[in-house]
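Trainee: Chains as they are written, first to last, in our numbering: chain A, 1 to 115; chain B, 1001 to 1113.
Since the hints were derived computationally from the structure, they do not count as laboratory data. Warning: the hint list may mix true and false statements.
Calculated cross-link-like contacts (lysine-lysine; reagent style PhoX-like; alpha-carbon spacing at most 25 Å) [said to hold, decoys possible]: (1) B/Lys1049 / B/Lys1061; (2) B/Lys1100 / B/Lys1068; (3) B/Lys1100 / A/Lys71; (4) B/Lys1100 / A/Lys57; (5) B/Lys1049 / B/Lys1100.
From a predicted model like this one, the values you see are computed outputs, not experimental measurements.
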Amino acid sequence: DTGVSQDPRHKITKRGQNVTFRCDPISEHNRLYWYRQTLGQGPEFLTYFQNEAQLEKSRLLSDRFSAERPKGSFSTLEIQRTEQGDSAMYLCASSLDLGGVDEQFFGPGTRLTVL
Amino acid sequence: AQSVTQPDIHITVSEGASLELRCNYSYGATPYLFWYVQSPGQGLQLLLKYFSGDTLVQGIKGFEAEFKRSQSSFNLRKPSVHWSDAAEYFCAVGNFGNEKLTFGTGTRLTIIP
């Protein structure tokens, strides 16, 4: 399977714990995005990378959230001191920069439940 | 700021009937418009996109959408739905130079026999 993969698919944690999610994009894609989707809502943009550079961060991304893409390939999203409001589906997408608005390919998501 | 409105939260259609899902966007310049479908446990799959040119775009699985600038709409249509079309459908808008997509809240499609 050469699509976007995410790990884990499900994560249950207790409030206050730290969690880390991983996203592996399509191999030739140089852009990588993180979105958050809560129940009954569409995905909301969190941040995106062009290669290893993080170029934009949403105001939704509080100080407890950090994302990295150290070698321009896979990315991690860490949430520190989780809160119940962090419970959501975290979606990763990747695209190939062709000089316009790219088609983003989405992974299956990581569903986070904070107890 | 760009925004997307999908006024129908849930639509029920009989198998074989036609379908139209509504999408209205708000954006000052020419938008880039997308329709995605999300099935349970699956990632978002792109159905079709509009960047420029012909305002009627064809997508996968027999879907099409029409861009109407005067109505700020990009409605999704299918002439005859199949039971496998049951899913959540999201309209999204992007714009050149701003890579993030802004999604609507989605329309859940139920197919009845």
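Trainee: Hint by hint, where does the structure go against what was stated? Just the numbers, ascending.
Mentor: No numbers; nothing is violated.
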